[in-house]
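Chemist: What follows is the residue order along each chain.
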Amino acid sequence: MIQPPTLPTNYTVKPGQIKTSTGKTIRTEEMIINMGPQHPSTHGVLRLEIVVDGEIIVDCIPHIGYLHRCFEKHCEQMTNYQQVIPYADRMDYCSAMTNEWAFALAAERLLKIEVPERVEYIRVIMAELQRIASHLIAVGTYGIDSGAFTPFLYTFIDREKILDLFEMTCGARLLYNYIWIGGLSHDLPPKFIEQTKEFVAYFRPRVKMLNDLLSYNEIFVKRTANVGVLPREVAINYAVSGPQLRGSGVNWDLRRDDPFVIDHKLDWQPQVGKGEVGTVGDCWDRHIVRMREMEQSLNMIEQALAGLPEGNVKAAIPKRIRPEKDAEIYVRTEASRGELGYYIISDGTASPFRVKARGPAFVNLSVLPEIVRGGLIADLVLTAGSIDIVLGEVDR
Amino acid sequence: MTAQEIFDVLKAKFGDALPEEKLSAAGGSAAAGFSLQVWITIAPGRTKEICSFLRDDSEMQFDTLSCLSGVDYNNGTFGVVYHLSSMVQKHKIVLKAFCTKEHPHIQSVSSVWGTANWHEREVFDLFGVIIDEHPDLRRILLPDDWEGNPLRKDYKVQEFYHGMKVPY
Chain W
0 MIQPPTLPTN
10 YTVKPGQIKT
20 STGKTIRTEE
30 MIINMGPQHP
40 STHGVLRLEI
50 VVDGEIIVDC
60 IPHIGYLHRC
70 FEKHCEQMTN
80 YQQVIPYADR
90 MDYCSAMTNE
100 WAFALAAERL
110 LKIEVPERVE
120 YIRVIMAELQ
130 RIASHLIAVG
140 TYGIDSGAFT
150 PFLYTFIDRE
160 KILDLFEMTC
170 GARLLYNYIW
180 IGGLSHDLPP
190 KFIEQTKEFV
200 AYFRPRVKML
210 NDLLSYNEIF
220 VKRTANVGVL
230 PREVAINYAV
240 SGPQLRGSGV
250 NWDLRRDDPF
260 VIDHKLDWQP
270 QVGKGEVGTV
280 GDCWDRHIVR
290 MREMEQSLNM
300 IEQALAGLPE
310 GNVKAAIPKR
320 IRPEKDAEIY
330 VRTEASRGEL
340 GYYIISDGTA
350 SPFRVKARGP
360 AFVNLSVLPE
370 IVRGGLIADL
380 VLTAGSIDIV
390 LGEVDR
Chain E
0 MTAQEIFDVL
10 KAKFGDALPE
20 EKLSAAGGSA
30 AAGFSLQVWI
40 TIAPGRTKEI
50 CSFLRDDSEM
60 QFDTLSCLSG
70 VDYNNGTFGV
80 VYHLSSMVQK
90 HKIVLKAFCT
100 KEHPHIQSVS
110 SVWGTANWHE
120 REVFDLFGVI
130 IDEHPDLRRI
140 LLPDDWEGNP
150 LRKDYKVQEF
160 YHGMKVPY
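Chains as they are written, first to last, in numbering that gives the first Met the number 0: chain W, 0 to 395; chain E, 0 to 167.
So that you can see chain E by itself, here it is in the shape it has in the complex:
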C-alpha cells in the first residue's frame, strides 16, 4: 500500500487521532524513491491503539518497528518518529507523534513491538520525554544520577559528576 492509502484507512478509522488533514511531506518533495520523507502525524496519547491496528490488520501487517527516534525540533516541540516496515507486504510508513516541552508525554508502543522498549528508554534518557505506560522506564545509556538530557538543544553539561570535572 502507498502512504496515501494507509493514511486514508487510518483517517477513516481513527479520525481525530490524526491531527493533520493530509499526509505530511518534508522538503517540499515527495518524489518517488524518497517515499520515506512522507509521514503521518498521530496524537501522542493514542499511539498504542493506532500501532496495534497497523500491526494486526491483514492489509497492513507492519510486523517490524525498524527505528524509533526522538527529536528536539528546537521550537518547544519534541517528536518521536516511528519507522515501520512490513516483511509480508513489503511496504513502509513513517509515523510521528509530537508533544510540547511543557508536557512531554507520549504513549508507549512497547507492548506492540518488543523492540520499542529499549528505543523508548533511549528517548526518555536523552530527551527527557516521558513515555507513558512503559513497563521499565529507566535511563539506558547514561548513569541513573546524570543531570539533564543531552540531546535537547538547550542542554548544558553539568560541572561535576561525583567530584570529577565533566567539560573538557
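Isolated chain W, as found in the complex:
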C-alpha cells in the first residue's frame, strides 16, 4: 500500500552490493542489530530491532511495553473518577498538564458539566506553558541527538522558569494533579500573573536565540534536512498528529479544527512545515514547527492573561461522580505531542467501566519503520529523536 521512501541520490552504496575500487561487486548480507532498550537516543526504554544491509536500514521493528503499568486496568479499579487524574499525569510525564486536562474534559463531557470561564482561561494558560516546557525538552534533547550539547543547557534554564511557575501554583514541578474534574484544585497564587508576564517578555528573545544557536546552525541543518522524510499521505494514513503531522505540511491543529475550549477565540496560527531547507516533512521541518509553536503559545498565554475573567474555579459537581448508565464519550485534545484522546464508557457506577487512552506518542511511533526504511543507521537516531516520544505514554 505504502511505498518505502526511495534512497536519496547521494547514497553511493545500494542494498545488496558493494563495488570495490577494482570494480568488483561484492555480495552483502543482512544483519540484525538491537538498539536499546537502554540507549541514550531512544529517550526511554524502547528497543528497536534493526535489519541492516551495511549502513542501510532494510527494516525496523520497534518493541515497546517495557514501561507498561496497566493504566487502563487501573482506571477500572478506581473508586472515583477523580482518582484517575494522578495516573493520567504519569502517562506523558513531560506534559502532565495537558494529560490531566484531557481526562478532566472527557469526564466533564460525560457528566455534561460546564466549567466556569475563569477555569477555561487558566487551563489554556497552563496547557500552553506546559507545551513550551515540553517542546523545550524536545528541542534540547534533539540538539544532543544531533551532537550539539549547548542548546540543551539553555532550554533547561528556560524550562526551570516554567516549572517554578507551576510549583508556585500547585506545589509540584512535574506531576501536578492541578486540573480536576469540574475545575482546578485551587486558584492562581497572587503573583502568578505578574511573573508569567515577565516570563513571556523574557522568553521571546530566547526563542530567537535558540533558533540562531540550533535551528539555523549550518551543521544542524545539514544533519537534519532531507533526513527522515514523512510524506503527507503516510502521515495522514497513520493518524500521526501534533508537530509531526504539521511538519509534513498538513495544516491541522485540533485547537482550531476541533476546538475543545476557548483556544479558537484567541489570535494564533498553526505552524506548518514548508520544506525551507530540504523536503517537506523532514526532520528539520518537525523541529522548526516546535520552535515556532512556542512563539504561538506565548501569544496565546498573553491573550489569555489579558482576558482572564474573575470568578470561581470550581463548578458545582456532585461529590460522587456517577455518569448515567451506558454513557460513553471520546474526547480528543491537542496535547504537546498531538492528539490525546480518552474514550470512556460508564456503567452508572462511580468507577469507569472502560477507559482507553489514545496517546499521541504511541501512534506517532508506529510510523517510524515507514520513515527510516531505506535510510542510514546514523539517521535513525535523528529520525527517532524528531518524533519526540515519551515512553510513559507509548506503554501506558
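Everything labelled a hint here was simulated from the structure, so no lab data went into it. Since the model is a prediction, treat every value here as computed from it, not as a measurement. Do not take every clue at face value.
[Unchecked claim] Stretch-level coverage of chain E by chain W, calculated; a stretch enters the list once three of its residues show a Cβ under 8 Å from a Cβ in chain W:
# : stretch
1 : 55–64
2 : 96–102
3 : 126–134
4 : 156–164
[Claimed, not checked] Here are the simulated lysine to any residue pairs, SDA-like style, with alpha carbons at most 20 Å apart:
#  : chain 1 : residue 1 : chain 2 : residue 2
5  : W       : K72       : E       : G127
6  : W       : K72       : E       : A42
7  : E       : K152      : W       : M77
8  : E       : K89       : E       : E58
9  : E       : K155      : W       : H263
10 : W       : K72       : E       : G147
11 : E       : K152      : W       : E75
12 : W       : K72       : E       : K152
13 : E       : K155      : W       : C69
14 : E       : K89       : W       : Q76
15 : W       : K72       : E       : L141
16 : E       : K89       : W       : K324
17 : E       : K155      : W       : Q268
18 : W       : K324      : E       : V37
19 : E       : K152      : W       : Q76
We treat Cβ as the ideally placed atom computed from N, Cα and C, and that holds for glycine.
Given chain W, work out where chain E should sit, using these hints.
Modeler: Same frame as chain W, now just chain E:
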C-alpha cells in the same frame, strides 16, 4: 454529513453487513454536542470493505482513524470501536463491531489505515480478540509468554512469571 446520512448511505450499499436497522445511541440521548455517542454497528467479518469505502468515497473521505479501542462488555460480548474523522469533510463517525467470547474474531482494517496495525495488536494483546488478516499479529505491550488478557473482566493474574511472584 451527519451520522444519520452516513448510516443511510452505508445501509443502502452494504445492507446486511449492518445488523441494526437504525443508528444506535447510548445513554438515551443523542443531543447536539454529544454526537460521538451515536454509532453504527457493522458486521465483524466485513469491517475492511466498509472502512475502505468510508475512506475512499468522495463524500465520506474518512482519512483518519482517530482511535481504535477494544471493549469487554462483561456479558459474553467483545467489541471493537472505531473513531473515524475526516480532515477534508470535517465530520466524525463511530463504528462498532461485536463478536462473542466463544468466537472472538474481527477482520483487520490495518490495510485501510496504517495506524490500525498497532491498535489492533493492542486489542489482541489485552482482550484476546483475534484480528483476522492482520499482517503482524503479536502481543505489543505485554511479554510474548504472558498468560491471559488483562483487560478482560474475568482476568485472573498469574501466580508466577519466570519464578517471580506477580500479585503484590
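Chemist: Could you run down the list of hints and mark each one as holding or not?
Modeler: We went through each hint and held it up to the structure:
Given as covered by chain W, the stretch 55–64 of chain E passes the check, having 3 residues with a CB less than 8 Å from a CB of that chain where 3 are the minimum. For a cut-off of 8 Å, the count of residues in the stretch 96–102 of chain E with a CB near a CB of chain W stands at 0, and the three-residue condition is violated. Remark: the stretch 126–134 of chain E is not confirmed as covered by chain W, as 0 of its residues place a Cβ nearer than 8 Å to a Cβ of that chain, below the required three. Coverage of the stretch 156–164 of chain E by chain W is violated in this model, with 0 residues showing a Cβ closer than 8 Å to a Cβ of that chain against a need of three.
Proximity of W/K72 to E/G127 is assessed by CA-CA distance (about 15 Å); at most 20 Å being required, the pair is judged to hold. A threshold of 20 Å between alpha carbons decides the hint, and for W/K72 with E/A42 the separation of about 27 Å lies outside it, so the pair is violated. Restraint check: the Cα-Cα separation between E/K152 and W/M77 comes to about 14 Å, which is no more than 20 Å; the hinted pair holds. For the hint pairing E/K89 with E/E58, the CA-to-CA distance comes to about 11 Å; that is within 20 Å, so the pair holds.
Distance hint between E/K155 and W/H263 is unfulfilled; the C-alpha atoms sit about 47 Å from each other, more than 20 Å. A hinted pair counts as satisfied when its Cα atoms are at most 20 Å apart, and W/K72 with E/G147 qualifies at roughly 14 Å. A distance of roughly 10 Å separates the Cα atoms of E/K152 and W/E75; the hinted pair therefore holds under the 20 Å criterion. For the hint pairing W/K72 with E/K152, the CA-to-CA distance comes to about 10 Å; that is within 20 Å, so the pair holds.
Our distance criterion of 20 Å between C-alpha atoms is met by E/K155 and W/C69, whose separation comes to about 14 Å. In summary, the hint linking E/K89 to W/Q76 is not supported, as the alpha carbons are separated by about 36 Å, beyond the 20 Å threshold. For a cut-off of 20 Å, the pair hint linking W/K72 to E/L141 stands: about 13 Å separates their Cα positions. For a cut-off of 20 Å, the pair hint linking E/K89 to W/K324 is broken: about 29 Å separates their Cα positions.
Proposed proximity of E/K155 and W/Q268 is contradicted: the alpha carbons are some 50 Å apart, above 20 Å. The straight-line distance between the Cα atoms of W/K324 and E/V37 is roughly 15 Å, inside the 20 Å bound, and the hint therefore holds. About 11 Å separates the Cα atoms of E/K152 and W/Q76, which keeps this hinted pair within 20 Å; it holds.
Checked against the numbered hints given earlier, the structure breaks hints 2, 3, 4, 6, 9, 14, 16, 17 and satisfies all the rest.
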